Amino acid sequence: MPPAPTTTAESSRAGDFARVLSRRIHEVGPLIGLVLLGIAGTYLNPDFATVDNILNVLTRTAFIGIIAIGMTFVIISGGIDLSVGSMAALIAGSMILLMNAIAESIASPVLVVVIGIVFALVLGALFGLAHGLLITKGRIEPFIVTLGTLGIFRAYLTYFANGGAITLDNEVSDVYSPVYYSSLLGVPIPIWVFLVTALVGGLVLNRTKYGRYVQAIGSNEQVARYAAVEVDRIKIATYVILGICVGVATVLYVPRLGSASPTTGLLWELEAIASVIVGGTALKGGEGRIAGTVIGAILLSVISNILNLTSIISVYLNAAVQGVVIIIVAFMQRSRR
Amino acid sequence: MSLAVEFRSVVKRFGPVEVLHGVSFRIEPGRVVGLLGENGAGKSTLVKILSGYEQATGGDFTINSTPHSFASSREAEHEGVVLIHQEFNLAEHLTIAENIFLGHERVKGWLLDDEAMNAAAREAMQQVGLTVSPATRVRDLIVAEKQLVEIAKALSRNARLLVMDEPTATLTPSETERLFALIGQLKARGVTIVYISHKLDEVERITDELVIMRDGSFVTAVPTRGTSRQQMANLMVGRDVSDMYPVKDPVPNAAPLLKVSGFSVPGWAEDVSFDVRPGEILGFAGLVGAGRTELFEGLLGLRPRRAGRVEIDGHEAVLDTPRDGVRHGIAYLSEDRKGKGLHVTLGLRENLTLVALDRYAHPLLDPAAERRALRDKVAEFGIRTGDLENRAASLSGGNQQKLALAKFLHVDPKIIVLDEPTRGVDVGAKRDIYFLVQRLAREGRAVIVISSELVELIGLCHRVVVMRAGRVQGTLAGDRLTEEELIAHATGTHDHR
Numbered sequence: 001m002p003p004a005p006t007t008t009a010e011s012s013r014a015g016d017f018a019r020v021l022s023r024r025i026h027e028v029g030p031l032i033g034l035v036l037l038g039i040a041g042t043y044l045n046p047d048f049a050t051v052d053n054i055l056n057v058l059t060r061t062a063f064i065g066i067i068a069i070g071m072t073f074v075i076i077s078g079g080i081d082l083s084v085g086s087m088a089a090l091i092a093g094s095m096i097l098l099m100n101a102i103a104e105s106i107a108s109p110v111l112v113v114v115i116g117i118v119f120a121l122v123l124g125a126l127f128g129l130a131h132g133l134l135i136t137k138g139r140i141e142p143f144i145v146t147l148g149t150l151g152i153f154r155a156y157l158t159y160f161a162n163g164g165a166i167t168l169d170n171e172v173s174d175v176y177s178p179v180y181y182s183s184l185l186g187v188p189i190p191i192w193v194f195l196v197t198a199l200v201g202g203l204v205l206n207r208t209k210y211g212r213y214v215q216a217i218g219s220n221e222q223v224a225r226y227a228a229v230e231v232d233r234i235k236i237a238t239y240v241i242l243g244i245c246v247g248v249a250t251v252l253y254v255p256r257l258g259s260a261s262p263t264t265g266l267l268w269e270l271e272a273i274a275s276v277i278v279g280g281t282a283l284k285g286g287e288g289r290i291a292g293t294v295i296g297a298i299l300l301s302v303i304s305n306i307l308n309l310t311s312i313i314s315v316y317l318n319a320a321v322q323g324v325v326i327i328i329v330a331f332m333q334r335s336r337r
Numbered sequence: 338m339s340l341a342v343e344f345r346s347v348v349k350r351f352g353p354v355e356v357l358h359g360v361s362f363r364i365e366p367g368r369v370v371g372l373l374g375e376n377g378a379g380k381s382t383l384v385k386i387l388s389g390y391e392q393a394t395g396g397d398f399t400i401n402s403t404p405h406s407f408a409s410s411r412e413a414e415h416e417g418v419v420l421i422h423q424e425f426n427l428a429e430h431l432t433i434a435e436n437i438f439l440g441h442e443r444v445k446g447w448l449l450d451d452e453a454m455n456a457a458a459r460e461a462m463q464q465v466g467l468t469v470s471p472a473t474r475v476r477d478l479i480v481a482e483k484q485l486v487e488i489a490k491a492l493s494r495n496a497r498l499l500v501m502d503e504p505t506a507t508l509t510p511s512e513t514e515r516l517f518a519l520i521g522q523l524k525a526r527g528v529t530i531v532y533i534s535h536k537l538d539e540v541e542r543i544t545d546e547l548v549i550m551r552d553g554s555f556v557t558a559v560p561t562r563g564t565s566r567q568q569m570a571n572l573m574v575g576r577d578v579s580d581m582y583p584v585k586d587p588v589p590n591a592a593p594l595l596k597v598s599g600f601s602v603p604g605w606a607e608d609v610s611f612d613v614r615p616g617e618i619l620g621f622a623g624l625v626g627a628g629r630t631e632l633f634e635g636l637l638g639l640r641p642r643r644a645g646r647v648e649i650d651g652h653e654a655v656l657d658t659p660r661d662g663v664r665h666g667i668a669y670l671s672e673d674r675k676g677k678g679l680h681v682t683l684g685l686r687e688n689l690t691l692v693a694l695d696r697y698a699h700p701l702l703d704p705a706a707e708r709r710a711l712r713d714k715v716a717e718f719g720i721r722t723g724d725l726e727n728r729a730a731s732l733s734g735g736n737q738q739k740l741a742l743a744k745f746l747h748v749d750p751k752i753i754v755l756d757e758p759t760r761g762v763d764v765g766a767k768r769d770i771y772f773l774v775q776r777l778a779r780e781g782r783a784v785i786v787i788s789s790e791l792v793e794l795i796g797l798c799h800r801v802v803v804m805r806a807g808r809v810q811g812t813l814a815g816d817r818l819t820e821e822e823l824i825a826h827a828t829g830t831h832d833h834r
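Respectively, the protein sequence lines represent chains E and Y.
In terms of our numbering, the first sequence has 140 at position 140, counting the first letter as 1, and numbering is strictly consecutive.
In our numbering, each residue's number is its place in the second sequence (first place is 1) plus 337.
Excised from the complex, chain Y in its bound form:
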């Protein structure tokens, strides 16, 4: 039987801070409901309450008209409510079957019944189209497969309401297609699905209706059909996002600022050549694993590389460490914000000045000057924070990204490489970042944007280099810069002209 949920004035406080201010709405049974809102709107907190990871401070919710409150995710699972986290909850060293039955192990007397668990796991895996052996260790799976394991785990626990938080954030287009097909099957079986995503095109395709939240409150619920992406974005932001992308400036006719030829990163990129001029925004498209991130990590000496020539401003440059990169005016902002971009346990100030610390050391550091710089950058980049002494962890995803941008731009680089600059960032912050990218180009810098969002590359870039399996498949510009051409090159199905 399908589950219907009704939230009744749900309030949630963390200490003195109220993050949900009395949220009320209904989720109809057997539907795919898109839950939309900017970062910090309260979506994740709400679904955590629904699935037992958090408890409401006030108000409650009903499931099929019976009031419930779950003290743990286990209780929620018992009622068929399962949350699939943004960051997966899998034990990397255990096998798929062991993960699926974690906490629900089947036993034969005193011993585990591996045979029965593997058989049952295989059955659940079949439903989601995962064909590897259930005895495979999770650490050996790719991200998309881990996601399927999460879903198989949910199904094996008889989920009747599945909450997916940003499920496609790390998936390639074809993997996303597979997930959508699976969602369709689950829906046909009467599973209610709550789908949280920042990707409005996906939400438009996959959901039946939309619930929009803003600043911890319910805004409205509308049917997906008949609501344009523009309207969705406006509802989320609460103001008119007239156009997401700035108008493209013409690229000034100048010699390339960065010219890379025949560059190879063993195992990742082979014989890659490209150049980028001052004032130009150059995109890098490709599937996950195409070697784009690794190419630039290799370029900056963060990975072993082989062969290749790098010219900056017409002179050959040897970049052995990121320090050399900074000296030559290249900054690289990693796609992995928490793992490589920001020190989340350090303060905003320490993060902002880290790359450009030379400037604040005479030779003793000048914290007052650092604080002034932080105040300026918070205003300039529109970073929303309650307290300048906060740790970076206290910022929402979009604001962390703005801080990371401010940090790497603080050395005033001529060449800026932005790897997935808008991943996990809400619509309002995305637009801010796009206009920032344009401003950087206008100032005569060369900007390279690596992105998995094709729309973003098309809207923002002058030219887009498409990589596939470590090689450049082509560079698209002008009329040829379309989603179809990008996908064809990324998957290797374009006609060789």
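Extracted from the complex, chain E is given alone in its bound form:
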């Protein structure tokens, strides 16, 4: 083999710099946006930059943020899941029904809650497994499969709730509520769970074989198949991971209100997908970052927080402002590939 000749040193160095710079801008773009929002929020209302408010925003971000981390895996692998909001509602409802039912025969409320939590996580994993099997073995578009289950999940919750709300028994609720309301080292539990989920997600995505395979499949599924990657198993696993994330988010959400109704988790799928996209993950798959998703989720809830604290724009227009942000971000990223 001939030795590799060196390319023109100057031109390639200048090119490197430009490339690294443009790569970095895409990575730190959402972070810059978040910082600017923070400055604007502080300027508009002095209450914004208080520790209490920031912890409040992060706690509220946790549900969507955890789901968005799972969604990042699905989207990077080239898939999508529209059902997560309905899935959260159905898991919440089923979990409450189960806990109410066993509370009569099991004396320890703590055990009831533990069983409820395990049940929620297993149910999420099973829903994800069903999605994954229908998509890979059944060869149906992920958009269609999850559009279908979006309807199915919410309809069953409504049916179980008889159109109203499913409410957790008081005794169990008293034991369960600290999962949402209490703090560790001054930081609410949901934020800790969000943080741990993000760290584990980032590690799995960037530093494991599995994460590399997810990116390879999203970049080009056919090439991955020819490179001996077990495409179906990896894809099924992304939906299972997302299902478990939805389970975790629901486990944190239920003690907050202690009930589930047909409006529980409404439009969560949009917020989760938006967080992923705002965070710089390409909707067509192949590349993305967990850190970006976390920032994307926080950015979206900071927007609604600022609208709540100030009176410049009506709170009712929250979704509209978020929509504008999503479109702006997509516009800035459009030339990326």
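Simulated from the structure, these hints should not be mistaken for laboratory data.
Here the structure is a predicted model, which means the values were calculated and not measured.
Please note that the accuracy of each hint is not assured.
To be verified - A short, non-exhaustive set of chain Y residues, derived as facing chain E with CB atoms under 10 Å:
(1) Ser-554
(2) Val-556
(3) Val-663
(4) Asp-673
(5) Lys-677
(6) Ala-698
(7) Leu-702
(8) Phe-745
Stated by the list, open to error - A short list of chain Y residues far from chain E (calculated; beta carbon distances all over 12 Å):
(9) Leu-508
(10) Val-681
(11) Arg-805
(12) Ala-825
(13) Gly-829
Unchecked claim - The calculated DSBU-like cross-link candidates involving lysine-lysine, where the alpha carbons are at most 30 Å apart (straight line), are:
(14) Y:Lys-751 / E:Lys-209
(15) E:Lys-284 / E:Lys-209
(16) E:Lys-284 / E:Lys-137
(17) E:Lys-209 / Y:Lys-445
(18) Y:Lys-751 / Y:Lys-596
(19) Y:Lys-585 / Y:Lys-751
(20) E:Lys-209 / E:Lys-137
(21) E:Lys-284 / Y:Lys-596
(22) E:Lys-284 / Y:Lys-675
(23) Y:Lys-536 / Y:Lys-524
(24) Y:Lys-524 / Y:Lys-385
(25) E:Lys-137 / Y:Lys-675
(26) Y:Lys-524 / Y:Lys-483
(27) Y:Lys-483 / Y:Lys-445
(28) Y:Lys-385 / Y:Lys-483
A virtual CB, placed ideally from N, CA and C, is assigned to each residue, including glycine.
Fit chain Y to the supplied structure of chain E, relying on the hints for placement.
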């Protein structure tokens, strides 16, 4: 009237990178000019500037002594300059007629005049010898027919200078013959033709003169007559390509490493049997569609298959997925580099280690070890890249192929199947790949080479299996391994002995 072109110090920069450094030469009217150069020499960029797909950064060109610069391919077409792309520019879901008139639709009032367009399309198709209905959808055509549609489209726009970029890359020998006859007719009508190809035998046959480019510069222009292929190759590479193929080693007398018997892939291959020994290079010849690629895809579980027995090292092996193949020491490098071979949007490192990723997971991946492996392989395979952090898309065709080879050889397979390993690869890289194949065989591996280039199979392989319509027509070796015999078997015109 025929068109003459003169390039005057054409410079092209992409950002800070200059890819054409002041190219000047003339193309005489009504001639067939071969444009030769290795991948990355700047041929494609130059013809894109000529046909309006790119604009020169500096310098210009004249057409019949008038300076021109085309802002779009449409402007170029208006002057009669048409480029036929390597990858076709056809809308698969539209009909032939709709494609031919795309952007130039004929209308009757507010509505499309399909009748007139179909009639005019039929006329253009007749000139190129395409006999199907103009209402056929392009996706239903075979590759050769799509190419004819491209040419018919060019003719219907009154092309007087036709640039063809690797037109025969996906054609069978008989389709290539048809294209050459057509080129002859076009030339007789005064159309100037610029012909870009890596296949020197074709260039030798079809062109009147040659323009050679290297590293973004014009090297020389010579008449084709009196220039040997050896000289062409030397001019392109800029050094002496003394002999393209390594001397064949004798095959060690050993039991077959891979033995396939009675293997069938429904719709593609029927009752195929062959074996290959360690140290042997076994070729697979046949026309496009003979089922060679599909046979091996079926063998590795990438396609449904039926019946057949596969023995590896004397033991029956069940290969249901490519993963099983890797476990049994078989690697398959696809002919479709961008579609099945490499992740062009991922980095070089991620591509190199993908198949052998187990080795870098403990259980967390070790990027530093991956980077070391990449540095080693870049040196070992002679992959030319500016930056190791680049995406695979930034490499030229030949270097992508070397990376793909490195990727599939990274699992250290005993049996290696290379499907069209030198397709779209320049002369220098081809030679590197041939010597690599020999090295692999010398190391005691069994190498299978599927190729449409007969010269390559003859120069490289110990034995060649010829397939036709999914069946093995014969296995040629020694004195019988000639172009004539290969073609006769591939087309089914050999005498059955």
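Hints, one by one, checked against the model:
no.: 1; hint: Ser-554; result: 13 Å, violated
no.: 2; hint: Val-556; result: 17 Å, violated
no.: 3; hint: Val-663; result: 5 Å, holds
no.: 4; hint: Asp-673; result: 8 Å, holds
no.: 5; hint: Lys-677; result: 5 Å, holds
no.: 6; hint: Ala-698; result: 4 Å, holds
no.: 7; hint: Leu-702; result: 5 Å, holds
no.: 8; hint: Phe-745; result: 8 Å, holds
no.: 9; hint: Leu-508; result: 24 Å, holds
no.: 10; hint: Val-681; result: 8 Å, violated
no.: 11; hint: Arg-805; result: 26 Å, holds
no.: 12; hint: Ala-825; result: 33 Å, holds
no.: 13; hint: Gly-829; result: 31 Å, holds
no.: 14; hint: Y:Lys-751 / E:Lys-209; result: 24 Å, holds
no.: 15; hint: E:Lys-284 / E:Lys-209; result: 21 Å, holds
no.: 16; hint: E:Lys-284 / E:Lys-137; result: 21 Å, holds
no.: 17; hint: E:Lys-209 / Y:Lys-445; result: 60 Å, violated
no.: 18; hint: Y:Lys-751 / Y:Lys-596; result: 13 Å, holds
no.: 19; hint: Y:Lys-585 / Y:Lys-751; result: 19 Å, holds
no.: 20; hint: E:Lys-209 / E:Lys-137; result: 23 Å, holds
no.: 21; hint: E:Lys-284 / Y:Lys-596; result: 42 Å, violated
no.: 22; hint: E:Lys-284 / Y:Lys-675; result: 17 Å, holds
no.: 23; hint: Y:Lys-536 / Y:Lys-524; result: 20 Å, holds
no.: 24; hint: Y:Lys-524 / Y:Lys-385; result: 22 Å, holds
no.: 25; hint: E:Lys-137 / Y:Lys-675; result: 26 Å, holds
no.: 26; hint: Y:Lys-524 / Y:Lys-483; result: 21 Å, holds
no.: 27; hint: Y:Lys-483 / Y:Lys-445; result: 28 Å, holds
no.: 28; hint: Y:Lys-385 / Y:Lys-483; result: 21 Å, holds
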